[in-house]
Amino acid sequence: MTIVEAIKIVMEKHPQGITNKEAYEEIVRLSLYKFAGKNPSAIVNGIIRRHCYGLDFPTANPVKHFKIIGYRGKKALYALANIDEINSKSLNKKIVSEELLPEEKIQKYYNEHLENIYSQLIDNIMENMPVFFERLIVDLLLKMGYGYDDHSGIVVGGSHDNGIDGVINEDKLGLSLIYLQAKRYAQKNKVGRPEIQSFVGAMQNIQKGVFITTSSFSREAKEFAEHQQQKNLKLIDGEMLTHLMVKYEVGIVSQQSLKIYKVDNSYFE
Numbered sequence: 001m002t003i004v005e006a007i008k009i010v011m012e013k014h015p016q017g018i019t020n021k022e023a024y025e026e027i028v029r030l031s032l033y034k035f036a037g038k039n040p041s042a043i044v045n046g047i048i049r050r051h052c053y054g055l056d057f058p059t060a061n062p063v064k065h066f067k068i069i070g071y072r073g074k075k076a077l078y079a080l081a082n083i084d085e086i087n088s089k090s091l092n093k094k095i096v097s098e099e100l101l102p103e104e105k106i107q108k109y110y111n112e113h114l115e116n117i118y119s120q121l122i123d124n125i126m127e128n129m130p131v132f133f134e135r136l137i138v139d140l141l142l143k144m145g146y147g148y149d150d151h152s153g154i155v156v157g158g159s160h161d162n163g164i165d166g167v168i169n170e171d172k173l174g175l176s177l178i179y180l181q182a183k184r185y186a187q188k189n190k191v192g193r194p195e196i197q198s199f200v201g202a203m204q205n206i207q208k209g210v211f212i213t214t215s216s217f218s219r220e221a222k223e224f225a226e227h228q229q230q231k232n233l234k235l236i237d238g239e240m241l242t243h244l245m246v247k248y249e250v251g252i253v254s255q256q257s258l259k260i261y262k263v264d265n266s267y268f269e
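Numbering (this note's numbering), first residue to last: 1 to 269.
Please note: incorrect hints may appear among the correct ones.
To be verified - Restraint-style ranges between C-beta atoms, simulated for each label pair:
#1 63 <-> 222: 35 to 43 Å
#2 222 <-> 259: 33 to 41 Å
#3 35 <-> 69: 20 to 28 Å
#4 30 <-> 131: 19 to 27 Å
#5 223 <-> 114: 26 to 34 Å
#6 56 <-> 170: 34 to 42 Å
#7 252 <-> 129: 16 to 24 Å
#8 192 <-> 255: 34 to 42 Å
#9 127 <-> 30: 19 to 27 Å
#10 263 <-> 113: 24 to 32 Å
#11 240 <-> 129: 20 to 28 Å
#12 269 <-> 240: 23 to 31 Å
As the list claims (entries may be wrong) - With a cut-off of at most 30 Å between alpha-carbon atoms, the simulated DSS-like pairs for lysine-lysine come out as follows:
#13 74 <-> 21
#14 222 <-> 188
#15 190 <-> 231
#16 105 <-> 64
Please keep in mind that the hints were generated in silico from the structure rather than gathered at the bench. A virtual CB, placed ideally from N, CA and C, is assigned to each residue, including glycine.
Given the sequences, and given the hints that come with them, work out the whole structure.
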């Protein structure tokens with residue numbers, strides 16, 4: 001029996017969805033497969049993701065068996081996919097793809113690649129400790145050019161942070177500061193107006209603040225931030241966060257660059 005077959009058997013017993021860790025534990029409990037690797041739980045996670053519909057990263061397998069049907073807290077819930085539905089969608093994608101020009105195909109697959117990177121970034125953030133996310137937002141602001149040097153940001157999160165997770169010094173004397181707040185929420189949990197109000201209160205006499213979350217903000221939270229008269233407040237949701245991480249290369253590495261060419265007709269005239 002292969003690992004994929006073992007995972008399928010487990011998922012057949014859990015149509016309501018199961019996390020990758022639970023799938024591994026169930027395989028071991030039922031003695032469906034004997035693992036030889038040093039980190040078998042990670043092996044199961046990798047195989048599920050490679051065969052998961054919608055996760056089309058470079059090392060993904062074209063054959064899909066699983067799909068994400070929801071989340072339990074911060075963990076994705078996987079279940080068996082409807083093969084006929086997947087094949088139908090794949091056929092439609094192939095037909096559309098064949099009608100595209102080569103440069104359009106490149107752009108299409110590049111966009112799909114980016115969407116997968118964005119998803120993987122959120123997954124990795126959610127699987128780490130909260131203090132990691134606090135360090136990440138400080139690193140991101142520094143990479144974006146805020147602060148007077150690469151060491152002008154500090155993490156102050158913890159049980160006694162008074163609602164402030166990070167501080168960016170914009171000048172060497174600390175006369176201009178940016179306060180940071182980080183909320184590592186699951187996508188379904190929106191940041192509401194009360195959290196923004198608490199952050200504004202914690203800023204005290206500091207005028208600039210950035211509130212970053214892995215999820216999104218409620219309409220009331222956005223309106224409260226937009227109508228601030230005393231503070232310069234910026235809200236960054238999970239989508240903008242991952243876009244900024246890619247743009248400023250925080251948590252990712254660039255593998256290769258690709259130039260797209262066209263014939264210069266004016267040269268031949």
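Which numbered hints fail = 4, 12
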